[in-house]
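Chemist: Each chain, letter by letter, is given below.
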Amino acid sequence: MGAEAEVRRAPLAVPTGAPRPARPATGDGGTPRKVWVGWSWVVRAASLLAAAGLWQLLTVTDARIWLRFDRLPTLGEIGAEAGRQLTTPLYYLDLLQSLVRILTGFGLAAVAGITVGIAVARSRRTGYVLLPLLEAVRPIPAIALVPVAILLFPADEQGIVFITFAAAFFPIMVSTRHAVRALPTLWEDAVRTLGGGRRHVLRNVVLPGILPGVFGGLSVGMGVAWICVISAEMISGEFGVGYRTWSSYTVVDYPAVIVGMATIGALGWLTSASIELLGRRATRWLPRAEGSRA
Amino acid sequence: MTALAALDGAADRRDGPAGLGFALDGLSLGYGHGMVLRDVHLEVVPSEVLVVVGASGSGKSTLLRALAGLLSPFSGKILAGGVEVAATSRDRAMVFQDDALLPWRTVRRNVELPLRLRKVPRRERGAAADTWIARVGLAGFEERLPRELSGGMRQRVQLARSLVAAPRAVLMDEPFGALDAQTRAEMQRLLLDVLRDTRATVVFVTHDVDEALLLADRVAVLGQRGVRSLIDVPEPRTPGADRSELRARILEEL
Numbered sequence: 625m626g627a628e629a630e631v632r633r634a635p636l637a638v639p640t641g642a643p644r645p646a647r648p649a650t651g652d653g654g655t656p657r658k659v660w661v662g663w664s665w666v667v668r669a670a671s672l673l674a675a676a677g678l679w680q681l682l683t684v685t686d687a688r689i690w691l692r693f694d695r696l697p698t699l700g701e702i703g704a705e706a707g708r709q710l711t712t713p714l715y716y717l718d719l720l721q722s723l724v725r726i727l728t729g730f731g732l733a734a735v736a737g738i739t740v741g742i743a744v745a746r747s748r749r750t751g752y753v754l755l756p757l758l759e760a761v762r763p764i765p766a767i768a769l770v771p772v773a774i775l776l777f778p779a780d781e782q783g784i785v786f787i788t789f790a791a792a793f794f795p796i797m798v799s800t801r802h803a804v805r806a807l808p809t810l811w812e813d814a815v816r817t818l819g820g821g822r823r824h825v826l827r828n829v830v831l832p833g834i835l836p837g838v839f840g841g842l843s844v845g846m847g848v849a850w851i852c853v854i855s856a857e858m859i860s861g862e863f864g865v866g867y868r869t870w871s872s873y874t875v876v877d878y879p880a881v882i883v884g885m886a887t888i889g890a891l892g893w894l895t896s897a898s899i900e901l902l903g904r905r906a907t908r909w910l911p912r913a914e915g916s917r918a
Numbered sequence: 002m003t004a005l006a007a008l009d010g011a012a013d014r015r016d017g018p019a020g021l022g023f024a025l026d027g028l029s030l031g032y033g034h035g036m037v038l039r040d041v042h043l044e045v046v047p048s049e050v051l052v053v054v055g056a057s058g059s060g061k062s063t064l065l066r067a068l069a070g071l072l073s074p075f076s077g078k079i080l081a082g083g084v085e086v087a088a089t090s091r092d093r094a095m096v097f098q099d100d101a102l103l104p105w106r107t108v109r110r111n112v113e114l115p116l117r118l119r120k121v122p123r124r125e126r127g128a129a130a131d132t133w134i135a136r137v138g139l140a141g142f143e144e145r146l147p148r149e150l151s152g153g154m155r156q157r158v159q160l161a162r163s164l165v166a167a168p169r170a171v172l173m174d175e176p177f178g179a180l181d182a183q184t185r186a187e188m189q190r191l192l193l194d195v196l197r198d199t200r201a202t203v204v205f206v207t208h209d210v211d212e213a214l215l216l217a218d219r220v221a222v223l224g225q226r227g228v229r230s231l232i233d234v235p236e237p238r239t240p241g242a243d244r245s246e247l248r249a250r251i252l253e254e255l
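Respectively, the protein sequence lines represent chains A and B. Residue 625 is where the first sequence starts when you use the working numbering, and the numbers rise one by one after that. Residue 2 is where the second sequence starts when you use the working numbering, and the numbers rise one by one after that.
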């Protein structure tokens, strides 16, 4: 984000009457860039395929080059297992269960993290009360809260959601807090001298102004939320992608383990991409190089 | 006497609510431990254009922030319309040097903002905003974002935003300081034009003596120990008037 801020300053020599050229100087080589955008999907797919190809090579040849691939399933075995699982309702039940857990935990964490982050950054008194507590709890890995969650909540389900919440809450809260602190005071001054009070500043300056930073936190939060929901499912729970992956391991069904991992990867990617897209939509006003996807 | 000259200057500026007068009494200002200005005494006459000049670091902007209510004084007090300034107010709009527009709001939504804060109905505020956008020469740019505008255009938007809700005073903090010479001259002409229709008191801070003489009813020269001198500008805002003598005097004071 730092580099983007550089672009914003208007060149002084531009006459008042004419708007600044919408396309910054970096975009002048329009044609090569367009071609590159067209190819980019090919490159992306090739990158995934190359990794899969390498896996296949190592597992088919039962390679033992210090790392031992002889007991890992080949793409064929994984594909067959995936084909079988995709036709069972159990697979979708697990998938749905994990998604509900993560979306509930993450949703609660987003609301709480943004609210607490703003509160501790905007009000000194709230900061004094909450920050010591938050800083003391923050270093505890969410997964270490499993015993507490089991004792606290009457059902496993709530415990898993709680752990997901705890994992996502801190990155969101911390980045919100920093985003509030990094807001230029000029915007607040402007709104206040136009007749705005605290609430107006919160609504018209703080909430929109912190979005770029908040979305950074949401992205990180979603990542750790997946780590924790899967881990929590492996420890407790009767459904879910994490539970299924672990129970496949305990019955030595290695292709199913890999299918479970691939499912987690795909779901994680999907949710992160959604947040990324939402973030880009919400912060369209940020100065960006034309055609950049940053 | 100074008051008379100021009233003369304001005579051709009629619309809007009455201008706000300021009285600064033994005012000392600063940030943290550092004192920037000591013992300032100054009267700002309702509806005049008072330009404050001073070397950089002389506390011009600090003074303006205090008038806006963004900075509370170490000692002394500021009266605005006879009432002590304790916080910001919709009566005292401020124009900043640069980047004070909210970057996520379009030109129209930036200009509407003060009306929105006042709960003016949507249609009404849209119409008022469009009128002002046209007034500052930006018709057709209503849906642009600030980042898509040049520096001069952004200052036009700020000007429209500060005046759309008819404040009783406009505080301008080197609003053209970051612009190139040609754009600056255009903006000065625009400001002269716009000021003709308002009775708002204007306190304008600049380090450019020519700009001061072009706009002012009175020029206040600011030094570390308060206001060094207050100079009346005869026949204010008259193009082509010979100001070389006043100019020399102000430069000497600086």
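Mixed in with the good hints, there may be bad ones.
Claimed, not checked - Derived list of chain A stretches under chain B, where covered just means 3 residues or more per stretch with a C-beta under 8 Å from a C-beta of chain B:
#1 699-709
#2 800-812
Stated by the list, open to error - Computed spacing ranges between beta-carbons, pair by pair:
#3 B:209 x A:898: 47 to 55 Å
#4 B:209 x A:661: 31 to 39 Å
#5 B:19 x A:750: 51 to 59 Å
No wet-lab data here; the hints were simulated from the structure. Owing to the predicted nature of the structure, the values given are computational and were not obtained by experimental measurement. Even glycine gets a Cβ: it sits at the ideal position worked out from N, Cα and C.
Chemist: Confirm or reject each hint.
Modeler: Now the hints, each set against the structure:
1. 699-709: violated (count 0)
2. 800-812: holds (count 3)
3. B:209 x A:898: 47 to 55 Å: 52 Å, holds
4. B:209 x A:661: 31 to 39 Å: This hint is violated: roughly 47 Å between Cβ atoms.
5. B:19 x A:750: 51 to 59 Å: Between residue 19 of chain B and residue 750 of chain A, where Cβ atoms are some 42 Å apart, the hint is violated.
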